[in-house]
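Fit chain W to the given chain Z structure using the hints.
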Amino acid sequence: MRGYIVRKLLLAVPVLLGVSLLVFLVLHFLPVDPVRELVMQHQTGTAPTIEGALTDAEIEALRHQLGLDRPLYIQFGRFVWNALHGDFGTSWRTKRTVMTMIAKNAPYTIELSLAGMAISIVLGVVLGVIAAVKEHTWIDTISMILAVGGVCAPSFWLGLMLMLLFGLKLGWLPPIGAGSWKHLVLPAFTMGIGGAAMVARLTRSSLLEVMRQEYIVTARSKGLAERLVVFKHAMRNAMIPVITVVGLSLGHMLGGSVIVENVFGRPGLGRIAVDAINEKDYPVVQVTVLMMAVSYVLANLLVDICYGLLDPRIRYK
Amino acid sequence: MAVMEAPVEAAEGEQSGAQSTLKRLFKIKGVVIGTVIVAFLAAGAIFAPWIAPYDPIAISRNEQLVPPSAKHILGTDQLGRDVLSRLLFGSRLSLIVGFVSVAIGGGAGVVLGLISGFAGGWVDAVISGLVDIMLAFPGLLLALVIIIWLGPGLMNVMVAVGIGNTPRWARLVRSTVLSIKETDFVTAAKAAGATDARIMFRHILGNVLAPIIVFTTLGVGGSILSAASLGYLGLGAQPPTPEWGLMLSESRAFIRVCWWAATFPGLAIMASVLSVNLIGDGLRDTLDPRLRGKLS
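Top line first, the protein sequences correspond to chains Z and W.
My numbering applies: residue 1 is where the first sequence begins, and numbers increase by one.
My numbering applies: residue 1 is where the second sequence begins, and numbers increase by one.
So that you can see chain Z by itself, here it is in the shape it has in the complex (with noise of 0.2 Å):
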């Protein structure tokens, strides 16, 4: 099992650092010069002057002071070194360092994602199950309605009813903000019935394939309730596929704070990616952007990680 972790880690790492620089080489490329960019955010934040205020000499002196004119592989070096000793850098916007952007912001993104993630696995499992077990009766066709619109509703737009019907109309939850866990609710639904909807429809295809296999048969004719055969039996097995696209689905929550947190007005990480894209702030969006592409890699490695725990078979593959 070991031997396994640390195969699956190491291949992890060029996973990591070719995600850095293609974030790196993206923000390299793009058609504006970051010093101009930088002085001109400077100059409108104490008084609109024109761009020519400082000299060519001046914006030379500046690119080198940053280590802007050093070749592109030093530079790239000097981002990961710095990157591992925790310094991303400070914004073009707030002057503040990123890190402490990231560090103040972290916590609601990680927060809503795990909230979203439990509601999708939760309510995913439960719908799946009662779907595989009635198979063919209105529940299970109800249960797989429900699940192929999830998959299909904007989160944009689920965001937005829900805040209307019950942070609007029946006023039980707050519209928008975030703080306690009253705020947490609707957004973490928002973004977890996508996942849910995924998770029912699989959970229930594959608990419907294992249930057909000899082993369940044997366990039916032992004369085993049929509660234990579906929960001892049968899930253990049915979970696999399952787990993947948990796994997947976490991602989603990365991906989808993006929305999630524009519409419900909450900080955090997707919050801060978007407004630094229309703000024109490059080291911010460099590090968020990598900070999920790491977590998403990390989450899927934790995934590898619990199949070869699930299936001892895959260990050794």
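Some hints here could point you the wrong way.
[To be verified] No farther apart than 30 Å at their CA atoms in a straight line, the calculated lysine-lysine pairs in the BS3-like style are these:
1) Z:Lys104 / Z:Lys182
2) W:Lys23 / Z:Lys134
3) Z:Lys232 / Z:Lys134
4) W:Lys71 / Z:Lys169
5) Z:Lys134 / W:Lys29
6) Z:Lys222 / Z:Lys232
7) Z:Lys222 / Z:Lys95
8) Z:Lys280 / Z:Lys104
9) W:Lys27 / Z:Lys134
10) W:Lys181 / Z:Lys8
[Claimed, not checked] Quick look at which bits of chain Z chain W covers, simulated, 3 or more residues with Cβ under 8 Å:
11) 33-40
12) 148-157
13) 163-169
14) 256-269
Hint data in this document are derived by calculation from the structure and do not stem from the laboratory.
Built from N, CA and C at the ideal position, the CB exists for glycine as well.
Here is chain W on its own, set in the frame of chain Z:
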């Protein structure tokens, strides 16, 4: 969905393969429902200039936030624009975006997947590595990164969503190619002296068509959704374009007094995604049931 499974007909008689597939396909309820919705949307898109009651971008100062009524069936938005007319014109954009981004993503992905699966060796290592890196960007993020580069706009959204879809296509086609490459008919073609390009595009591509067709259909829905999300974030179509995602975000601030302007565009997005997904699910079950777990 089990309720929608079609029985495989034992006697196919003189029917051609395609005919019998179509026949089986339309026995699935979901496919019929999906086709009806798509036909409806397509008709709306094509005939929008003739059937839309108002100009989709005409601002009317004394008719702001009018609730649904006989005059404005779906009401008006905060600028007094008719929601139904905007939806009809918006369906053009959504359908185009859906198909163009799938064409871009699918085209690039199929070629990359074919080459990677067929060539093997370092070519495969490079392409697969790139695909792995691109797949590390969850959900919308890859499209977002590309939008930063291209700048906002509807055209750029299509490219961004297309490129964002490419790695999943490449991976799907590669894995299918790998399993087909080892079959006897490929060996036979090779023995007969067929060139690599001929084997790749004629023999192998022909046999990966089923998953490609299914993935195309399912991809259209996903692309419509992604494009609408980017529109919602303000990174896609720009005002006053009647794009569904943008319509929703523009009316967000007025949702308390004007539920209709935000509700109907969302329903339209959902209906279009749902319809193509229903057709896609049906195609998957008919053409290649083995794909069930893989493409959902």
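Evaluated hints:
1. With a C-alpha separation of about 20 Å, the suggested pair Z:Lys104 and Z:Lys182 falls inside the 30 Å cut-off, and the hint holds.
2. A distance of roughly 29 Å separates the Cα atoms of W:Lys23 and Z:Lys134; the hinted pair therefore holds under the 30 Å criterion.
3. A distance of roughly 18 Å separates the Cα atoms of Z:Lys232 and Z:Lys134; the hinted pair therefore holds under the 30 Å criterion.
4. In summary, the hint linking W:Lys71 to Z:Lys169 is supported, as the alpha carbons are separated by about 26 Å, within the 30 Å threshold.
5. The suggested pairing of Z:Lys134 with W:Lys29 holds, with an alpha-carbon distance near 20 Å, which does not exceed 30 Å.
6. For the hint pairing Z:Lys222 with Z:Lys232, the CA-to-CA distance comes to about 14 Å; that is within 30 Å, so the pair holds.
7. The suggested pairing of Z:Lys222 with Z:Lys95 is violated, with an alpha-carbon distance near 70 Å, which exceeds 30 Å.
8. For the hint linking Z:Lys280 to Z:Lys104, the alpha-carbon distance of about 20 Å falls within 30 Å, and the restraint holds.
9. Taking the CA atoms of W:Lys27 and Z:Lys134, the gap is near 23 Å; set against the 30 Å cutoff, the hint holds.
10. Restraint check: the Cα-Cα separation between W:Lys181 and Z:Lys8 comes to about 27 Å, which is no more than 30 Å; the hinted pair holds.
11. Counting residues of the stretch 33-40 of chain Z whose CB falls under 8 Å from any CB of chain W gives 0; the rule of at least 3 is not met.
12. Counting residues of the stretch 148-157 of chain Z whose CB lies closer than 8 Å to any CB of chain W gives 9, so the stated coverage by that chain holds, three being the minimum.
13. Three residues within the 8 Å Cβ limit are the bar, and the stretch 163-169 of chain Z against chain W gives 3, so the coverage statement holds.
14. Counting residues of the stretch 256-269 of chain Z whose beta-carbon sits less than 8 Å from any beta-carbon of chain W gives 5, enough to reach three: the coverage restraint holds.
This entry does not satisfy hints 7 and 11, going by the numbered hints stated previously.
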